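Chains as they are written, first to last, in numbering that gives the first Met the number 0: chain A, 0 to 235; chain B, 0 to 381.
These aren't lab readings, by the way, just hints derived from the structure by calculation.
Everything numeric in this text was worked out from a predicted model, so none of it was measured.
Backbone N, C-alpha and C fix where the C-beta goes; we use that ideal spot for every residue, glycine too.
Hints are supplied without guarantee of correctness; some may be wrong.
With beta-carbon atoms standing in for the labels, derived distance ranges [said to hold, decoys possible]: (1) B/Leu133 with A/Gly164: 25 to 35 Å; (2) A/Gly28 with B/Ile24: 37 to 47 Å; (3) B/Ile24 with A/Gly85: 55 to 65 Å; (4) B/Leu343 with A/Leu232: 52 to 62 Å; (5) B/Tyr137 with A/Glu6: 52 to 62 Å.
Distance condition first, Cα-Cα at most 27 Å in a straight line; then the derived DSSO-like pairs of lysine-lysine [claimed, not checked]: (6) A/Lys223 with A/Lys202; (7) A/Lys27 with A/Lys229; (8) B/Lys20 with A/Lys95; (9) A/Lys27 with A/Lys202; (10) B/Lys356 with A/Lys95; (11) A/Lys178 with A/Lys223; (12) A/Lys95 with A/Lys178; (13) A/Lys223 with A/Lys95; (14) A/Lys125 with B/Lys178.
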Amino acid sequence: MALLELEKVDAYYGHIQALRGISITVEKGEIVTLIGSNGAGKTTTLRTISGIVRPRAGSVTLDGRDLARVPANRIVSLGIAHSPEGRRIFPRMSVKENLEMGAYARGAVDLTEDFDRVFGLFPRLKERITQVAGTLSGGEQQMLAIGRALMARPTLLLLDEPSMGLAPVLVELVFETIKDINRLGMSILLVEQNALMALTVAKRGYVLQTGSIVLADSAEELAKNEMVRKAYLGEE
Amino acid sequence: MKILGRLPVPRLPDMSDADQKRAAIFLGALAFAIAYPFIEGMFGLRLQTKLIPVLLFIVLALGLNVVVGFAGLLDLGYAAFFAIGAYTVAFMTSSESPFAFTDTSPMNFWLAMIVAAIVAGIFGVLLGAPTLRLRGDYLAIVTLGFGEIVPLVIRNAHEVTKGTQGMKPIGFPELPFVKWGFATEPWYFLVLGILLLSIFLTSRLQRSRIGRAWMAIREDEVAASSIGINPVTTKLFAFSLGASFSGFAGSVWASYLQVISPDQFQFSVSIFVLLMIVIGGMGNIPGVIVGGLILGGFDRVLTDAISGALRTLGSTFDIAFLREADISRARTLIYGTALVALMLVRPEGILPSARRKMELHAAEEDEGEAAQQRETLFESQR
């Protein structure tokens, strides 16, 4: 059984349909990517999984458990952590406080191990531990957003545009880290506009267009696909 | 209770220097407050009766600070809960109560006080549950309305509340060896004790898990929700806890005054308490206390003193309009001017929390930095 399964999900913003019959699976230990242009429904898909947007039709299940009636704040405890688009760190809290907030759903537990893990992945955050998060650079804020999501000890990590607005060197660093996190045993659903990078780290991928899935294949095959190369990899 | 169980215990050994300094100031102020009734005679002062309401209004401000300062919810109807607490105690202990049991055996005040806090908290939940799903200004509008409705209902439900005539007498907070009559010392110490309890509770709350959740919601509600905080219940808890504080203070207020009527709980009371917080420093407990002391002190002590001085001046130099000077009539004008001045000079309040200060000055700093960058750019181009 797949870890995460979306079946024929429809989602709306008011009257506007954002997702049309989306079916996606993520297996344990996989990195799966959703690629597509602006407005294709990538972010909406993640928001539907984490309970911020409710599907109007279809089902979302985690380990066979239906998430339709679970409120967003409980979904974290079930093992899905969402690193949202635009990072959304708490700008007036310190790096340490931000990370502590990431473990909020777990209650009062010892976080030493989790801090070690996050600082192992992002040594830069350790140097900035007392700094106020709003004064970090864009790349550091992205690291913090991912680190905060990891503090919840998720089985599935949802990453929304982790490379957005970052310098090319940092983009590579972020993708390296995504692989490292995956090696720690976490499944990852990655939304990216940087299709090339996404397809190099992912095992499988889906291509979204105006709310529907138009292609689903292994990352290798997608990277070879002519349509993908033209539309998303910028080849003539 | 579950939340209180999670409150962290104080850890004295790793107090920082700043903490120690704060503790020292607090203990000094406390010692002075305790000694005050015994030493005021030495300075020829008789301010105890005036200080009691000031201290009680600081309790109110501390409760409202949980709602406005910690959770960032603008509550403009805070006096309504104050009224609900006061009338609950009257219903439980007064011989004029609509309940028959008070004729023969009125409820013990301490019990009635707890009932008042609970009833006010329940009203907080009833008002908050449907409205806290709304964001921002809508809550302010709803609470504003509620603050108007409650005194109106009290005024018009004459059979139950005795309307404008007011309810009296109200039970005393009976204690062994204490005689409640015209002596002010017992009241002073009772209210001081309640104030200390409020300081303790609110500062523990601020540092607790739920305090962090309030802070997260204030900063970014969507992000807070994505890390597992339920925004509605967390805000509702802050709102009804604040209401409960107000009801608790209302019960003591009722007993202190011995007669309560609807005009004691007007909109201006809500604004007065909110002003204490804004002027003192929103979200910062010492700031709220300072704001309360300044505004309360001005309202209860200084207006009389200044008016008296002006009148003496008037009769000495025979200036007609000064002879009848009464500053208290210009109170709202003075508060308004003070608030505008403060917002211009120091929008974070007199004694702000570090965080709030940052929030308000972040834009300024960015601007300064940008200006500096422009300058360097300009230099390099030359």
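Okay, the hints, checked on the actual structure:
1. The hinted window of 25 to 35 Å between leucine 133 of chain B and glycine 164 of chain A holds, with their beta carbons roughly 32 Å apart.
2. At about 56 Å, the beta-carbon gap between glycine 28 of chain A and isoleucine 24 of chain B misses the expected band of 37 to 47 Å.
3. About 42 Å separates the C-beta atoms of isoleucine 24 of chain B and glycine 85 of chain A, a value inconsistent with the hinted range of 55 to 65 Å.
4. The beta-carbon spacing between leucine 343 of chain B and leucine 232 of chain A, approximately 56 Å, falls within the hinted interval of 52 to 62 Å.
5. Between tyrosine 137 of chain B and glutamate 6 of chain A the beta carbon distance is about 37 Å. The supplied range of 52 to 62 Å is therefore violated.
6. Proximity of lysine 223 of chain A to lysine 202 of chain A is assessed by CA-CA distance (about 14 Å); at most 27 Å being required, the pair is judged to hold.
7. A hinted pair counts as satisfied when its Cα atoms are at most 27 Å apart, and lysine 27 of chain A with lysine 229 of chain A does not qualify at roughly 31 Å.
8. Pair hint lysine 20 of chain B plus lysine 95 of chain A holds up; C-alpha atoms about 25 Å apart against a cutoff of 27 Å.
9. Using a Cα cut-off of 27 Å, the hinted pair lysine 27 of chain A and lysine 202 of chain A holds, with the two alpha carbons roughly 12 Å apart.
10. Between lysine 356 of chain B and lysine 95 of chain A the alpha-carbon distance is near 20 Å, which keeps this suggested pair within the 27 Å criterion.
11. Taking the CA atoms of lysine 178 of chain A and lysine 223 of chain A, the gap is near 21 Å; set against the 27 Å cutoff, the hint holds.
12. Straight-line distance between C-alpha atoms of lysine 95 of chain A and lysine 178 of chain A comes to about 24 Å, which keeps the hinted pair within the 27 Å bound.
13. A distance of roughly 43 Å separates the Cα atoms of lysine 223 of chain A and lysine 95 of chain A; the hinted pair therefore is violated under the 27 Å criterion.
14. A threshold of 27 Å between alpha carbons decides the hint, and for lysine 125 of chain A with lysine 178 of chain B the separation of about 61 Å lies outside it, so the pair is violated.
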